[in-house]
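Asks: Here is how the chains run, residue by residue.
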Amino acid sequence: DTEVTQTPKHLVMGMTNKKSLKCEQHMGHRAMYWYKQKAKKPPELMFVYSYEKLSINESVPSRFSPECPNSSLLNLHLHALQPEDSALYLCASSQTVRNLQYFGPGTRLTVT
Amino acid sequence: SQQGEEDPQALSIQEGENATMNCSYKTSINNLQWYRQNSGRGLVHLILIRSNEREKHSGRLRVTLDTSKKSSSLLITASRAADTASYFCATDANSGAGSYQLTFGKGTKLSVIP
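Residue numbers (my numbering), protein chains in the order written: chain P, 21 to 132; chain F, 620 to 733.
By construction, these hints were calculated from the structure, which means they are not laboratory data.
A couple of the hints might just be wrong.
FRET-style restraints, in silico, Cβ to Cβ [what the hints assert, rightly or not]:
(1) P:120 <-> F:701: 17 to 27 Å
(2) F:633 <-> P:35: 42 to 52 Å
(3) F:700 <-> P:34: 34 to 44 Å
We put the beta carbon where it would ideally sit given N, CA and C, even for glycine.
Taking the hints into account, I'd like the entire structure generated from these sequences.
Replies: Structural data, given as structure tokens:
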């Protein structure tokens, strides 16, 4: 299994909603990542988990809250988002940091 | 500073031709990675080249790295319509003990015309 899965594929939420994005991999990878990608822009790194510990937080607003319940799962909890947070949210994993990353298909998020 | 700038921003070629994309960066790196992305979808990793390597091949792909010039190139030979996608370089830069930074360039949009 060389796949990273993400759910949901699409999400529309209001600015007062609370929602979560989910990511899963069963490749035994010990590094997992969240990226944000706006249209026609490159992905921007948000969070990195290495061995289930948050190792970097790229000054992401607190309305985004990551969680790594175990080595296979990564969540991104969303609360009080703004319309400018609308983007494609990509999850990725790699054997460890500094290795090639396997990306999921992304969740297309629209904040209304 | 912007790490990983691709050149050109867009490239249109005929099927069967070779496509070359370049990437420049500013700081020292541990490795440089190339990814492709079909429109609105997830990225697919292509090749990782480490800072002590100069060239790597994978099928129709050839990546070179020149650390003295802080640049890399991706060559796709005998292009196919299915190669149409955006191609990104990403640099794994030295950013301090215990930290990790992978920065993507702006990408090259490749169109292969059948």
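Asks: Taking 34 to 44 Å as the hint, is the beta-carbon distance of residue 700 of chain F and residue 34 of chain P inside that range?
Replies: 41 Å, holds
Asks: So the hint says 42 to 52 Å: do the beta-carbon atoms of residue 633 of chain F and residue 35 of chain P match that?
Replies: 48 Å, holds
Asks: Range hint 17 to 27 Å: satisfied by the CB atoms of residue 120 of chain P and residue 701 of chain F?
Replies: 21 Å, holds
Of the hints listed earlier, there is not a single one the structure fails to meet.
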